[in-house]
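> The residues making up each chain are set out below.
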Amino acid sequence: MCGAGALAIVALGLVVHVPVQPPGIPLEYRVKAVYLFNFVKYVEWPSRNATGPLMICVAEHNPFGDALSEAVRGELVNNRVVETRIITNPDQACHVMFVPRTVGSAPFLAASRGAPTLTVGETPGFIKQGGLVNFILEEGKVRFVIDSKAAEHADLRISSHLLRLARPPEAKRQS
Amino acid sequence: MTPFRDLPIRRKLLLTTLASTGAALLLASGGFLMWDMYQFRQLIQSDVEAQAVIVAENSGAPLEFQDDRVGSEILRLLHVRPQIQAACTYSRDGAPFASYLKGADACPSTVPGRTTFGWRALEFVSPIHANGRPVGTLYIRRDLADLYARFWVGGGILLGLLLLAIGAAHLTGTRMQRFIAEPLLDLAETARAISTSRNYSLRAVPRSNDEIGVVVHSFNEMLDRIAEALEREREVNRLKDEFLATLSHELRTPLTAVLGWTRMLRTGRLDAAMGAQALETIERNARSQAMLIDDLLDMSGIVSGKPRLHVHEADLAAIVDAAIDVIRPAATAKRLQLDVRMERPAVTHADSGRLQQVVWNLLSNAVKFTPTGGHVWIRLARANGYRLAIRDSGPGIDPTFLPYVFEPFRQADGSTTREHGGLGLGLAIAKQLVELHGGTVTAHSAGRGHGATFEVHLPSVVAPTPADLPLEHPAAALPSTPLDNTLLRGLHVLVVDDEADARTLLETALREYGARVTTASGVADALGKLEQELPDVVLSDIGMPNEHGYTLIQELRRRPRTKGGAIPAVAVTAYASVKDGLAAEAAGFQAHIAKPFEPADVASLVALLGHPTESGR
Chain A
35 MCGAGALAIV ALGLVVHVPV QPPGIPLEYR VKAVYLFNFV KYVEWPSRNA TGPLMICVAE
95 HNPFGDALSE AVRGELVNNR VVETRIITNP DQACHVMFVP RTVGSAPFLA ASRGAPTLTV
155 GETPGFIKQG GLVNFILEEG KVRFVIDSKA AEHADLRISS HLLRLARPPE AKRQS
Chain B
16 MTPFRDLPIR RKLLLTTLAS TGAALLLASG GFLMWDMYQF RQLIQSDVEA QAVIVAENSG
76 APLEFQDDRV GSEILRLLHV RPQIQAACTY SRDGAPFASY LKGADACPST VPGRTTFGWR
136 ALEFVSPIHA NGRPVGTLYI RRDLADLYAR FWVGGGILLG LLLLAIGAAH LTGTRMQRFI
196 AEPLLDLAET ARAISTSRNY SLRAVPRSND EIGVVVHSFN EMLDRIAEAL EREREVNRLK
256 DEFLATLSHE LRTPLTAVLG WTRMLRTGRL DAAMGAQALE TIERNARSQA MLIDDLLDMS
316 GIVSGKPRLH VHEADLAAIV DAAIDVIRPA ATAKRLQLDV RMERPAVTHA DSGRLQQVVW
376 NLLSNAVKFT PTGGHVWIRL ARANGYRLAI RDSGPGIDPT FLPYVFEPFR QADGSTTREH
436 GGLGLGLAIA KQLVELHGGT VTAHSAGRGH GATFEVHLPS VVAPTPADLP LEHPAAALPS
496 TPLDNTLLRG LHVLVVDDEA DARTLLETAL REYGARVTTA SGVADALGKL EQELPDVVLS
556 DIGMPNEHGY TLIQELRRRP RTKGGAIPAV AVTAYASVKD GLAAEAAGFQ AHIAKPFEPA
616 DVASLVALLG HPTESGR
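Protein chains in written order, with the numbering used here: chain A, 35 to 209; chain B, 16 to 632.
By construction, these hints were calculated from the structure, which means they are not laboratory data.
Incorrect hints may appear among the rest.
Claimed, not checked - Some chain A residues near chain B, calculated using beta-carbon distances under 7 Å:
hint	residue
1	Asn-72
2	Lys-75
3	Ile-121
4	His-195
What the hints assert, rightly or not - Label-pair ranges, simulated between beta-carbon atoms:
hint	chain 1	residue 1	chain 2	residue 2	range
5	A	Asp-100	B	Gln-57	40 to 46 Å
6	B	Gln-57	A	His-95	56 to 62 Å
7	A	Asp-100	B	Glu-64	38 to 44 Å
8	A	Ser-81	B	Asp-161	35 to 41 Å
9	A	Ser-193	B	Trp-134	47 to 53 Å
10	A	Glu-172	B	Pro-127	27 to 33 Å
11	B	Leu-179	A	Ser-193	56 to 62 Å
12	A	Ala-144	B	Pro-127	51 to 57 Å
13	A	Arg-191	B	Gln-57	37 to 43 Å
14	A	Ser-103	B	Trp-134	36 to 42 Å
15	B	Gly-45	A	Ser-193	48 to 54 Å
16	B	Gly-175	A	Glu-172	57 to 63 Å
17	A	Gly-58	B	Trp-134	50 to 56 Å
18	B	Glu-64	A	Gly-138	51 to 57 Å
Idealized CB from N, CA, C, for every residue including glycine.
Given the sequences, and given the hints that come with them, work out the whole structure.
Okay, structure coming up:
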């Protein structure tokens with residue numbers, strides 16, 4: 035089974051499902067918004083960044099509408115406030131940086147290489163380009179792939195619980 | 016079914032052992048099983064809890080990321096516990112999320128409320144947390160089949176052990192109960208054997224020194240006593256048989272002479288000398304028989320109650336003299352030397368007649384048993400009272416017989432071919448009489464061929480016994496007089512007796528003494544005769560058919576003096592004991608005479624009663 039075929043089916047499914055959803059943000063992004071917040075709970079950042087709010091950044095274009103800010107509102111993780119921000123340029127202060135498929139990921143990935151930022155993307159090959167987490171669709175459900183080695187290099191400690199939920203990397207899946 | 020208390024002792028002991036062993040083991044093993052079940056139940060619960068903690072821990076993330084596949088994978092880890100039939104996770108809003116089913120059909124459609132330990136399964140419910148926040152619920156259903164399996168296996172093992180233990184208890188109980196049951200069974204068996212065979216020489220074997228041993232000993236002792244008593248009874252019966260044989264022989268011997276010579280007299284072919292000898296023989300034998308009967312009656316009086324003593328001051332030396340006078344002819348006939356040495360006077364209080372009987376008995380024994388030409392020594396001396404010793408040079412007494420010499424019906428030679436006659440009562444009577452006087456009589460012998468010594472010891476003063484009566488035996492007190500055919504002249508005597516012979520004998524005797532005699536054959540007849548003419552004296556038999564002599568005297572004594580109420584009356588009876596005499600006197604007779612009587616005695620008594628002034632009393 036090739037990834038493109040699967041995606042086509044999923045896209046078809048989404049197309050079918052979207053009109054059923056209430057107007058506004060599609061389900062896929064409302065799920066991804068919650069997942070982005072959940073990632074914060076399963077990742078430990080280096081201690082020099084241990085104070086201040088936990089920052090979830092969205093590169094350039096926000097596909098979530100209000101869903102992301104709703105998901106993090108009033109939440110505390112390890113006694114830290116979680117905030118969201120739309121960035122146009124790479125920012126070292128981001129703990130999580132989501133790059134939507136409509137945005138070119140290369141400049142953002144390059145900027146955060148080696149930095150303790152959990153980079154999350156949603157385009158195939160995002161991991162190959164140096165991203166840490168990539169959303170995929172599996173039987174219409176949002177799943178993700180994690181490059182745990184790269185995360186280690188980025189000095190991020192990802193919980194085994196999260197790693198267990200991660201799907202194998204695309205290279206292996208496609209081989 | 017036999018009730019427990021009727022079971023044999025063996026069974027009872029065994030059942031007791033088994034019941035107590037069984038009860039103890041059942042309780043112990045039951046308790047152990049319950050404890051083990053409790054422990055195992057705790058173990059199951061804590062194990063499920065531990066599994067639940069791990070699963071809940073890992074189910075948090077899948078729930079947060081809504082990854083039911085991983086959620087189910089995690090639940091599938093529980094396959095290491097095959098007893099877990101179902102594990103289900105529910106999201107926070109209560110919707111079923113993931114499940115692991117093995118043997119169960121489906122997860123509960125709604126979230127179960129709380130953990131329950133049921134009969135069939137443990138249903139464990141635990142919240143699932145992620146990063147400190149509840150994200151769902153975990154439900155685990157664990158089958159308890161292994162608990163029951165363990166129960167049955169454990170119970171089976173314990174039951175097996177129980178049976179083994181009871182078997183062992185049965186074995187040891189069977190062996191140990193012998194110590195209790197066997198002596199008892201032995202005892203019971205012996206008792207049964209004795210009661211069926213009546214063999215009292217059987218004995219139970221004592222095996223132990225415990226209570227059963229004591230019972231066995233007591234049982235054997237009782238048997239000893241019973242055997243002794245039976246032996247005594249047998250001996251007494253033997254003696255009685257022997258005595259009856261002797262009695263028959265002794266009574267028949269004089270009777271043979273009497274009847275034989277009487278028949279010869281009736282032929283009328285005897286000459287005068289022969290006739291006189293015949294009469295003398297008849298009289299001697301009749302007297303001998305009367306004496307035998309006296310002895311018998313004395314003995315029966317002694318056996319049935321104490322004979323009465325008529326105690327007065329008496330000289331023992333005179334009593335012995337009188338007894339020697341009686342036996343002297345016999346001693347002279349056997350050319351025996353009588354060696355007499357007595358302190359005189361030897362005054363004491365005694366019934367001289369009875370004591371004379373004693374001395375005469377001892378002397379006649381000495382004379383009887385001493386061979387011709389032998390010696391008899393007689394000594395009377397003071398010795399804390401008086402001691403009379405009579406020793407002879409006869410054959411002596413066998414040491415084995417010595418202890419029985421004073422027992423009634425005992426004779427050293429009880430056979431029918433014995434050399435010496437007699438009933439064997441003499442010494443028994445003598446002993447009783449001496450003891451009535453407060454004295455003792457003993458026999459000594461150095462053995463066969465060394466002669467025998469009889470010693471009588473009497474206290475110097477004999478206290479009168481309470482039974483003493485002031486009234487003397489009238490017949491015994493009367494002097495014997497030569498036949499005087501005028502003694503009863505002018506007296507009218509009424510003789511009452513149902514036996515014609517006795518009536519005629521009395522009538523003849525009284526007529527010989529000059530009396531006028533009327534006879535009556537019974538009480539009614541006598542009362543009729545009394546209506547016609549009042550006699551001077553009434554002689555009446557006591558034992559008569561229909562109405563006895565007591566009725567007559569009572570009837571007579573009720574009458575007024577003019578109707579004969581005061582006529583002197585004499586009982587003439589074959590009931591010859593002292594008691595009978597007293598009864599007669601109490602009934603209203605003035606005196607009584609025992610049959611057979613001496614005609615002279617009867618005449619004297621009638622004279623005394625009929626002519627009170629002439630008798631000179």
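> Holds or violated: is the Cβ of Ile-121/A closer than 7 Å to a Cβ in chain B?
Since chain B brings no Cβ nearer than about 25 Å to Ile-121/A, farther than 7 Å, the hint is violated.
> With respect to the beta-carbon atoms only, verify the hint that Leu-179/B and Ser-193/A lie 56 to 62 Å apart.
holds, 59 Å
> When you take the CB atoms of Glu-172/A and Pro-127/B, is the distance between them in 27 to 33 Å?
Given about 31 Å between the Cβ atoms, the range holds.
> Just to be sure I understand the hint, the distance between the Cβ atoms of Gly-45/B and Ser-193/A should be within 48 to 54 Å; is that true here?
holds, 52 Å
> Per the hint of 36 to 42 Å, is the separation of the Cβ atoms of Ser-103/A and Trp-134/B within bounds?
violated, 53 Å
> Cβ-Cβ distance between Asp-100/A and Glu-64/B: within 38 to 44 Å?
Hint holds: Cβ distance 43 Å, inside 38 to 44 Å.
> Holds or violated: Asn-72/A as interface residue toward chain B, Cβ cutoff 7 Å?
holds, 5 Å
> Does His-195/A hold up as a contact with chain B if the rule is Cβ-Cβ below 7 Å?
holds, 4 Å
> Regarding Ser-193/A and Trp-134/B, is the given constraint of 47 to 53 Å on their beta-carbon distance met?
Once the Cβ atoms are compared, 41 Å apart, the range 47 to 53 Å for Trp-134/B and Ser-193/A is violated.
> Lying within 37 to 43 Å: is that true of the beta-carbon distance Arg-191/A to Gln-57/B?
Roughly 39 Å apart at Cβ, these two residues keep to the hinted range, so it holds.
> Double-check Lys-75/A for me: the hint is only fine if its C-beta lies closer than 7 Å to a C-beta in chain B.
Cβ of Lys-75/A sits 5 Å from chain B, so the hint holds.
> Please check whether Ala-144/A and Pro-127/B have a Cβ separation lying inside 51 to 57 Å.
holds, 53 Å
In this structure, the hints that do not hold are numbers 3, 5, 8, 9 and 14, in rising order.
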